[in-house]
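Letter by letter, the chains look like this.
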Amino acid sequence: MKVDIVNLTKKFGGIIAVDSINLDIKDGEFVAFLGPSGCGKTTTLLMIAGIYKPTDGDILFDGKRVNNFPPKDRDIGMVFQSYALYPHMSVFQNLTYPLLIKKRPREEMKKEAQRVADMMGIGHLLKRRPGQLSGGQQQRVALGRALIKKPRLLLFDEPLSNLDARLRISMRGEIKKLQKDLGITSIYVTHDQIEALTMADRIAVIKDGVLQAYTDPEDLHDRPKTLFIAEFIGNPPMNLFDVEIKSEAGRVYANLGNGARLAIPESRKLKKLVEGKVKMGIRPQDIHAGSEDGISTEIALVEPMGRDDLIVSKVGNAEVHFLVDPIMKLRMGDRIKLRFDMEKSQFFDIKTELSLLWD
Amino acid sequence: MTEKTTGGGGKYDWFWFLLPALILVVIFFFLPIIITFFISGTNMSTATGFQNWKWIGLKNYQRISSHPETLEHLWLTVKYVAFTLVFFNLGMSLVIALLTTHISRGVGFLFRAVWLLPRITPVVVYVMMWRFIAADAPYGILNQIIIKPLGLKTANWLPMAPFLFIVLVNGFIGASFGMILFSSAIESIPKDLMMASLVDGSSYLQRIRYLIIPHLRWPLLFVTTFQTLSLMTSFEQILVLTDGAYNTEVWALWAYHKALSTYSGNLQWGFGTALAAILVTIGIVMAVIYMRYFKFEELVQEPKIETQ
Amino acid sequence: MRFKIFFSRFVPYLLLIVVTLPIIIGYVWILISTFSTRTYGLLPVDKAGRPGGWTLSNWSFLSKPEIWMVTSNTFILASGLTIGVVVVSMMAGYALSRIKFPGRKAFLSLTLILHAFPTVTLLIAIYFVLRWISVIPVLGRGLPIIGGFGYNTLGGVILVSLALQLPLGIWLMKGFFDNVSWDMERAALIDGCSRFRTWREVMVPQIRPGIAALSIFSFIQGWGSFIIPYSYMVNANRATIATYLNNLLSETAPTNYSMVAAVGLFQLLPVLVFYIFTQKYLLSIFAGGVKGAA
Ligand SMILES: Nc1ncnc2c1ncn2[C@@H]1O[C@H](COP(=O)(O)OP(=O)(O)O)[C@@H](O)[C@H]1O
Ligand SMILES: [Mg+2]
Numbered sequence: 001m002k003v004d005i006v007n008l009t010k011k012f013g014g015i016i017a018v019d020s021i022n023l024d025i026k027d028g029e030f031v032a033f034l035g036p037s038g039c040g041k042t043t044t045l046l047m048i049a050g051i052y053k054p055t056d057g058d059i060l061f062d063g064k065r066v067n068n069f070p071p072k073d074r075d076i077g078m079v080f081q082s083y084a085l086y087p088h089m090s091v092f093q094n095l096t097y098p099l100l101i102k103k104r105p106r107e108e109m110k111k112e113a114q115r116v117a118d119m120m121g122i123g124h125l126l127k128r129r130p131g132q133l134s135g136g137q138q139q140r141v142a143l144g145r146a147l148i149k150k151p152r153l154l155l156f157d158e159p160l161s162n163l164d165a166r167l168r169i170s171m172r173g174e175i176k177k178l179q180k181d182l183g184i185t186s187i188y189v190t191h192d193q194i195e196a197l198t199m200a201d202r203i204a205v206i207k208d209g210v211l212q213a214y215t216d217p218e219d220l221h222d223r224p225k226t227l228f229i230a231e232f233i234g235n236p237p238m239n240l241f242d243v244e245i246k247s248e249a250g251r252v253y254a255n256l257g258n259g260a261r262l263a264i265p266e267s268r269k270l271k272k273l274v275e276g277k278v279k280m281g282i283r284p285q286d287i288h289a290g291s292e293d294g295i296s297t298e299i300a301l302v303e304p305m306g307r308d309d310l311i312v313s314k315v316g317n318a319e320v321h322f323l324v325d326p327i328m329k330l331r332m333g334d335r336i337k338l339r340f341d342m343e344k345s346q347f348f349d350i351k352t353e354l355s356l357l358w359d
Numbered sequence: 360m361t362e363k364t365t366g367g368g369g370k371y372d373w374f375w376f377l378l379p380a381l382i383l384v385v386i387f388f389f390l391p392i393i394i395t396f397f398i399s400g401t402n403m404s405t406a407t408g409f410q411n412w413k414w415i416g417l418k419n420y421q422r423i424s425s426h427p428e429t430l431e432h433l434w435l436t437v438k439y440v441a442f443t444l445v446f447f448n449l450g451m452s453l454v455i456a457l458l459t460t461h462i463s464r465g466v467g468f469l470f471r472a473v474w475l476l477p478r479i480t481p482v483v484v485y486v487m488m489w490r491f492i493a494a495d496a497p498y499g500i501l502n503q504i505i506i507k508p509l510g511l512k513t514a515n516w517l518p519m520a521p522f523l524f525i526v527l528v529n530g531f532i533g534a535s536f537g538m539i540l541f542s543s544a545i546e547s548i549p550k551d552l553m554m555a556s557l558v559d560g561s562s563y564l565q566r567i568r569y570l571i572i573p574h575l576r577w578p579l580l581f582v583t584t585f586q587t588l589s590l591m592t593s594f595e596q597i598l599v600l601t602d603g604a605y606n607t608e609v610w611a612l613w614a615y616h617k618a619l620s621t622y623s624g625n626l627q628w629g630f631g632t633a634l635a636a637i638l639v640t641i642g643i644v645m646a647v648i649y650m651r652y653f654k655f656e657e658l659v660q661e662p663k664i665e666t667q
Numbered sequence: 668m669r670f671k672i673f674f675s676r677f678v679p680y681l682l683l684i685v686v687t688l689p690i691i692i693g694y695v696w697i698l699i700s701t702f703s704t705r706t707y708g709l710l711p712v713d714k715a716g717r718p719g720g721w722t723l724s725n726w727s728f729l730s731k732p733e734i735w736m737v738t739s740n741t742f743i744l745a746s747g748l749t750i751g752v753v754v755v756s757m758m759a760g761y762a763l764s765r766i767k768f769p770g771r772k773a774f775l776s777l778t779l780i781l782h783a784f785p786t787v788t789l790l791i792a793i794y795f796v797l798r799w800i801s802v803i804p805v806l807g808r809g810l811p812i813i814g815g816f817g818y819n820t821l822g823g824v825i826l827v828s829l830a831l832q833l834p835l836g837i838w839l840m841k842g843f844f845d846n847v848s849w850d851m852e853r854a855a856l857i858d859g860c861s862r863f864r865t866w867r868e869v870m871v872p873q874i875r876p877g878i879a880a881l882s883i884f885s886f887i888q889g890w891g892s893f894i895i896p897y898s899y900m901v902n903a904n905r906a907t908i909a910t911y912l913n914n915l916l917s918e919t920a921p922t923n924y925s926m927v928a929a930v931g932l933f934q935l936l937p938v939l940v941f942y943i944f945t946q947k948y949l950l951s952i953f954a955g956g957v958k959g960a961a
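Chains as they are written, first to last, in my numbering: chain A, 1 to 359; chain B, 360 to 667; chain C, 668 to 961.
Any given hint could be a false lead.
Ranges of calculated distance between the beta carbons of each label pair, as one might list FRET restraints [said to hold, decoys possible]:
hint	chain 1	residue 1	chain 2	residue 2	range
1	C	Ile684	B	Pro508	17 to 23 Å
2	C	Leu729	B	Ile648	46 to 52 Å
3	B	Ser547	A	Asp208	34 to 40 Å
4	B	Gly408	C	Ile750	36 to 42 Å
5	C	Leu806	A	Leu178	39 to 45 Å
6	B	Ala555	A	Asn162	37 to 43 Å
7	B	Pro549	A	Arg104	38 to 44 Å
8	B	Ile393	C	Val940	48 to 54 Å
In case anyone wonders, no lab produced these hints; they're calculated from the structure.
All of these numbers come straight from a predicted model, not from anything done at the bench.
Don't be surprised by glycine CBs; every beta carbon is placed ideally from N, CA and C.
Please model the complete structure; the sequences and the hints are all you need to start from.
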């Protein structure tokens, strides 16, 4: 099913929880709503589900305005962070409840329950109560319950955030595969950027109820349109510096202060501003240590992160984070040279916080 | 029932859910309030019947103000409310709350459970116990275990000290209300505050004065206002204990007797409802005041489902 | 120093025992008296006043048909009140807790005002309401078992008791519904339930402790209620156990209190049993701020 969200707005009393969001979701697409907690993701999802009434704007399913449809007429399935299973019913009853309401024959309920339960790997648990299941099993039941009526739209509200890290990773893959196999249009709310980046076809980044960007993961990562996105996306987070842009002998430099400066390549030519103060961003993995030339720095801190060591040091007046191979065995106080891969650098206007490279 | 009306929209679900309660509240709260004030403006009585009564305006209220018994009933009611409130609903309940929270948890809980018994015991059974406590020698418990051993003159104590007994009978029920509120308030005082004052070396009495009582400000105010109102208007226990004999006819019982007591022959509905109307007015005013002052807003959360 | 510790240890217990004594004595007396010819204080004695006199004869009232009539009336009153209060309060409490509708706040404050309002002041006026209901054909006084809903019918007494208990019931149920997960209710709506079905199949099962508490409380109230049947039933001594007992009490001299005590214990026993086994539930009501009976 195709979903269109037009100028969708929600106010609770005085506060604006969702501020005029516009989105289109293609049939079969997997879209993630990504943003920090409290930014309005759940509110948006609940408006799409028909639980909240929009203050303004429209929701269209396959071109049809559904603003005034109650949830039961929207043909959706939803998975909640809290699982929201019915504790007084068995797993079988939980799974088949949507079919019971639709007055489906008992035989069909049994068959479907078995099918969905096997798909979710909970076939042996049908007689239990939700209280007797582990968190991961409960989440599978919740997912099964959402799937059993073959909805045309699946909504997920942070479904994995109550699970432990290992289970989260495996469930991530399962949900993604299931969605692709079934081809159901899905909206997946999360505050975890890794979930969004690994699972979604497109990501809607939301901040304070405002849509910041709506694009595919790669674009989001490589071409952040706002300072917020640059800070929010990527792990470890992007380094941000206050730099001064200066042209000298036909070349453009970013001055880090204390004499440290970096040449800006032709590919990163700024749109508007030619000289003056801007924010420069560069991801830790795009700063390379141990080269022959480059900016010299003294290591202030080493944080082992498993595959890499995260190093903190100072360049100019700013703190720099970058990744090195643990084999280098760098220690606090060591001096090394850093080469900034300026082909990957980002620039933002200090006032508007908009990118100076992309729009 | 709502299945049909909901169909797609179900915009008026809330109405169907509220309807039964609404009907009952209208019939048994609103209508009676109106009736009370209305009949209090008539001369309706068994003499006039339901047909031949006349509208007499405020005459019943004038009669109340000039009635020779009015002051008596009023004074008795004030005394009764004040004594029961001070000695039991506040005094005794505070003492029990302090004592039961001071001793071991289990035993404290047991004593509080015993104090709740009068509240759940059927009223006639409960009053029967008091009647036997007061009964004449050689049967009555009071005579048998206190008066006689002390060599004093035995008696049937109910007619001898009727006021004491109406206070006791109501007080032993009323005390449990404050007891519950006070003891849970005391138990919610942070442990480290209690510890700190122990370390300071303050005595238990000092702790009561400077730590516990200040914590009980709201419950104390709540119990005082709530119980004043219910003492002022309740008469069931007195009705069973003395039926108003021996000068124990409090205002509410007076009204009840005038309007409904089948013994007096001529029921004065107009006059009786006028007596009741005064209590109803006080009740409405005080109930509205509570609602204002006792954190109503905090108790109300907005529904997090807006679908209809 | 020793003395002081001893003092602070035992004085609280001593004080508590002293102030609680009248209650304990009252219940002990009922127990002893029920099985004695008569009692001097707490001492069972025979007709001549000698200690002893244990007997079961006080329970002979159980063979009278009246007692079973009033018991069945009392049971119907208590059950009818309980079912009525619970169902009506669960519906209204749900709407007030969970549904957004115009005037919701006004309804909530009305409930709270009525909860604080002293209902006994309305007894006189309700007498007139019941007389009017009596006039309605069939509903007034032409129903089986409960007689109808008018004056001098068991149904009327049930209805009045039910209505006067509603503000407490609604407020209590609203409080219990407030604590049910919103996501669960949302899930039910998305699964396809109407609001009514969500209420019945998903929400009500979540507040079972609240329902238990309100049921037990209402049953005890109905079982022991006196003033309402006394006021609205003409042959009050034949209405409920409470009015029957009250009649016995006013007719009997202390000499024969043992017989009356047996009827009293008969009425008290189910209450005690409930109280002992369901204290947890009852406390949740008392702690929620029940109105003082006095
Ligand atoms: N039912 C509600 N009533 C009032 N405010 C709400 C309600 N639901 C959400 N909000 C507010 O709206 C904002 C967005 O909330 P939410 O959509 O839950 O954020 P997220 O899911 O992104 O964490 C928050 O400031 C929250 O406090
Ligand atoms: Mg959320």
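Q. Using the C-beta atoms of Pro549 (chain B) and Arg104 (chain A), is the stated range 38 to 44 Å upheld?
A. violated (55 Å)
Q. When you take the CB atoms of Ser547 (chain B) and Asp208 (chain A), is the distance between them in 34 to 40 Å?
A. Holds, at about 37 Å.
Q) Is the distance from the Cβ of Ala555 (chain B) to the Cβ of Asn162 (chain A) consistent with 37 to 43 Å? A) holds (38 Å)
Q) Between Leu806 (chain C) and Leu178 (chain A), does the C-beta distance stay in 39 to 45 Å? A) With Cβ atoms ~59 Å apart, the hint is violated.
**Q.** Assessment of proposed distance window 36 to 42 Å (beta carbons of Gly408 (chain B), Ile750 (chain C))
**A.** Taking Cβ atoms as reference, Gly408 (chain B) and Ile750 (chain C) lie about 37 Å apart, which means the hint holds.
Q. When you take the CB atoms of Leu729 (chain C) and Ile648 (chain B), is the distance between them in 46 to 52 Å?
A. Distance hint for Leu729 (chain C), Ile648 (chain B) holds at roughly 50 Å.
(Q) The hint says 17 to 23 Å between Ile684 (chain C) and Pro508 (chain B); measuring C-beta to C-beta, is that right? (A) holds (18 Å)
Q. Is 48 to 54 Å a correct range for the gap between the Cβ atoms of Ile393 (chain B) and Val940 (chain C)?
A. violated (42 Å)
The structure fails hints 5, 7 and 8 (numbered hints given earlier, in ascending order).
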